[in-house]
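Residue numbers (the working numbering), protein chains in the order written: chain X, 1 to 86; chain U, 87 to 791.
Treat the hints with caution; some may be incorrect.
What the hints assert, rightly or not - Result set (EDC-like, lysine to aspartate or glutamate): computed pairs, CA atoms no more than 20 Å apart in a straight line:
| no. | chain 1 | residue 1 | chain 2 | residue 2 |
| --- | --- | --- | --- | --- |
| 1 | X | 38 | U | 765 |
| 2 | X | 41 | U | 731 |
| 3 | X | 38 | X | 60 |
| 4 | X | 44 | U | 765 |
None of these hints come from the bench; they were simulated from the model.
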Amino acid sequence: MKQFSYVIQDPLGIHARPAGALGKAAKPFAGTVISVAKGDKSAKVTQLMKLMGLGVKAGDTVTVTAEGPDEQAAAAAMEQFFKENL
Amino acid sequence: MREKFFGVLQRVGRSFMLPIAILPVAGLLLGLGSSFTSETTLATYHLLDLMGPGTVPYFIFSVLSKCGGVIFDNLPLIFAIGVAIGMARQEKEVAALAAAVSFLVMHAGISAMIGLTGGADKLLEGSTAMVLGIQSLQMGAFGGIIVGLGVAAIHNRFHQIQLPQVLSFFGGSRFVPILSTLVFALVGILMFFVWQPIQGAINALGMLVYSSGYFGTFLFGMIKRLLIPFGLHHVFYLPFWQTALGGTMEVAGTMVSGAQNIFFAQLADPTVTHFSTAGTWCFTGEFVLYIFGFPGAALAMYRCARPERKKQVGGLLLSAALTSILTGITEPLEFSFLFVAPALFIISSVFAGLAYMLCHLLNITVGLTFSGGLIDLALFGILQGNGKTGWLLLIPLGAAFFAVYYFTFSFLIRRFQFKTPGREEGDQETKLYTKADYHARKEEGEGVSAAIVRGLGGAANLADVDCCATRLRCTVHDGDKVDQQILKSTGAAGIIQKGQGVQVVYGPQVNLIKANLEAYLRSGAAEAEQPIIQGETEHREEAEPEHGELLRTLVIGSPFRGEAAPITACPDEAFAQKMMGDGAAVIPWEGVVTAPCDAAVSMVFDTQHAIGLELEEGVELLIHVGINTVALKGQGFKALVQEGDRVKKGDKLLEFDLDYIREHASSTSSPVLFTTMEDNQRLRLLKTGHVKPGEDLLALDIYGE
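For reference, chain U alone in the conformation it holds in the complex (with noise of 0.2 Å):
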């Protein structure tokens, strides 16, 4: 159990790679636009009239930072895709989508939750936020992670689900996304129910934290870490920041409420020596962490990573190290540890904690407007020079949590085996997984999908595999690789191949067939499966029958308007196995039943529901209207011609009521099969879906002896 969870959590944490790899760029864009974009910066150094509103660097900073917001505006989004492709096992593709979709689904509910209880204005300041131009509940990267992780969940186990045959197009994949529509329809309006009573509790902690002096900076520092994975730190800080609960200080003759307020104010006072703590206790312990805390914490997770992938992990921790230190964005980082380690989370957040507090107890006093990076340490620490802030006594304190952070995180990294980036037992896992799907698949799809891998010349040969509404469709590397005898044999309808195209016809189905296919060579069981493929000889010799050239072959049309199906698609088992021969189910859409091509007439039942036709000398058709037609006796059938007539293609053969007959019989699917088959004989079948009178069906393709 305990190995299956951080089994799990560290494929969580995996799946967390991608969108955290945007992260950086992200960063540097909005660390950098913002802080030059800032009117309150901008204006402390007298740069307005060179950096300001109208300038060329304003607009090149202001694309910067909004380009670089959008992405952080938008990461549960980001996350929720991103987790539903690194959790789903195959059509990583499907889940992505349905993760779109749930995503837009949630919030949508959340929304019409808040306007129908009367508007955000009722809600906490801070708990509301637009996602995606939604009116909805500030949840953060949670909110995604619960729509990934949910999705995922949902693409595992219902991806290759089987609907009955008429909804069938909906079935395998395509369900995926609309279970998911449905499920966080609901979530969503749960989480209207369940997130506000813990946004609420969270506002109250900001009082108890007001309450507790410097013990209360401790807390804000820990509390604020601990809730920025679930976006919840916005209800939790923005108060500190921007009202009274931060403090209140009369600066320059006037009140001033909330920290941040109090900071900026000071910072336009001319006649401020040193600013107050009160505008910065809950700011200076950010530049502690972020420049010097998290790195060491990065270079820790480096030096604990496996050698081989020390290369690989570096370029991340040192890009996610920058980041932190240049601009204060510390998502990269953090993601990286936290949901493999949580452990190591909430230490970070201790220290988090205490780095907030010592700040406040040393008189440091570096306020920011973005984040603690070096950027707003340089404008609101530096330049306003070390006897207004104090800002040098930051560095022998950061040295000291870098030291702390590292030595810290290597000793519990190789202590509890945490599994940080570059420690994940990578290959050994997939396979894990793979062998179980295997195990499980074998009896369904495997034996098929093997055949259809072995009939397009083995894996190695396959270059592309994807699939329209009923065909397979495939790129091999070597056309005459591929055995249409084998791939017939595994169901296809038909196949048509055009040099390295190969299109393999199953029918509606073959959603299900591709899926199996994908899961089939993912597991890499098909080099594993090729001996025992040929150790099934029975199989072999009715797919692959020794056999000459093909001599010719009959094409012959639909007798019917209607819907056409593989003779296997026939409600009636006997003609579903192919008892009395091979060929087509047509679901007929007239009563009429035309010649398919020109024959004799070789015997018309005397209840009139069937008529047999012979092409030629041992080749006959029977066209049988009907399922159980036979006990109608005869009743709602009027049969046109009588045995021995011929008959050119398109000839009326026989009338029948088909109103009675859908009434009457058991089904109207009315197959249409060669009942003369040999083994030199192969059927194809050429056309599924709507078909005319005349259009081409059926093909047999004769071989010498």
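Isolated chain X, as found in the complex (with noise of 0.2 Å):
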């Protein structure tokens, strides 16, 4: 299991488009769950609703895991995903 946390910086945070950008950006990684987690709740980066949901803005911390056969490569994709995007 591979997990980083990231202060979103985006103002408008996850919404839409950057849940649905998050989800085909995870899509190499088909064999590994990755999931982003916000305080006690937390969805899968496919589940497009529920990362809504989560309600991510500006300023909260979201903790990023990957698990599977590809969760070191997930990772490291995610993290720069976030980086660039959010």
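Now that you have both chains on their own, put them together as the hints suggest.
This is how it looks when you write it as structure tokens:
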């Protein structure tokens, strides 16, 4: 299991578009479970609705977890995605 | 360049064949009808009692004359449409309509200019004509041909134009008549200024002819021939026929001016022993040409045609030659070589001049009312007797002309490879341009067209392709061969199949899709393309996933009152590319979102611009109001439900201030989409255009794994 924390910079947080983009960025790692947690709620990156339901906003700290065969690469890709987009 | 020019000329020539094919019949009707209703003729032969006005034969011949005449009177219009059809590459019917419209518009434009500048009385005699009830300039077949060529050029260039979404109804082929109308209104104005100086120059030419004696007769014959395609011959010959320019003579004690008037005055005067050439110099040569010379040209063209096409061409040329001989109507014959081999036409004009001059020199004096065919020869030559007319001399003279025409044409056609009827490299040319088309369009619509054809069971399975405002309507031979999966992969919003009838819903851009499809089918690439399509495995896998039986279908209604379109029409790229899921984009007309089906509210975004619904385990729908509305931070939105609520179809979920959003967000286009699409699920858009709240919008087909 790989994990990292990130503080959201984007003023609008995780709304529909970044949620969709996040799902797309995670596509190459289909065998790996990637989830985003805020507080005690978490959502898989493939679950667009739940992801949006987290209500992640600027300044929130999220914890991203990757678990599975590609967890190393997946976590790296996710970290890069968050830094570039959120 | 030269080859291209001749290629075009050849297509032009071929495009004349359809209108020309009407002419022999029209010629017979007009020739017979007008000869036997001419009161001068009837009076000469004392037939007024038997066939004059009020009798049954007069009635019949009048009708024949009118019905034939109307075709000749409107020949320019027929040419405009015929040429447009012949020159348009696809969707010829659109070009035909555009040509008819443009023809009217051009002449209306000229007419308006005539009216504004003082009316037709100020113009040269013979320079104006009534064109379909419009007072316009006499432009002859040329007027129709420029319309036909112009419209075809516009059509070939623009019939696949793609306009912005809001104007897309007017895009594609519908754009052609619109643009043509504007263009030919301007052409009409232009022609008013261009054509008059030309007519003036022709009129002045008449004066030259008048003052040149026998050589003048030669010039008259030649120039009249040359002017026929431009309709300018009327301006030219009318003064000779009807005014002092054609000569003045004392007949039976009164002064008569104009060649035709002189002839008929003499015809009615029993004291005349031999008609004067003053009344016939500008007529008699026609008999030599029409009865003898032109048929010689027809025989030459027939003998030069390729063996396999002789039979087909023979029919055309024989009827054209007979029309010329009998009635003296020569358009069918002359137009068959005029445009493909202008050189032959020029040579023919020289021969024509010689024919007129020789008749003048030999004192052959046969006049005419209508044209130089056998009918007029019988009435004004044979029946008048050789003593008065010397008509017997026409036979040896004519025989010589027949031979001259035959041998000259045969030699020139073979020597210069003129593409007279039956000599075109028909198939080759068609192939050439479709191949170019094929390459030009490969990137745009070809892939889609190929997929559509495959989805409809191959080109051979297609009986008919048409479209209405949003749907491609096809008839197929075998409904079972239709593959809806492939059709959907082409961007179809929905497919409705009833047996052999298949409707594929694409939205307003269907016009363009249909044009591309037709071009594709016509190009013959449908068969050739097959292996390439199969090579596109990636594309095919997406289009046709391996899955089992259809288990069930979930249908949801529209959450808005508004205009529905495929999600791909959404102005936000991420939505349009289906990054968040597949569905529809609705432009709302009211600030209310209602539940599209029974569901649980799985998410209400904290800025309230988006609501998530769970229809059943694992199937979720997102309703996202407007684009970039997240930036409004909840302003203008009021959610009426919260996460976890159960809602019934039609319940109000959200209210929003449409005006505020219109003003502050980048678009009101609202995606409604399934965010949980799996490989075993397929989406269909059931309605585009105006939707009411709750009206069926999307269907989700769920297949077995």
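Check each numbered hint against the structure and report the violated ones by number, ascending.
Failing hint: just 1.
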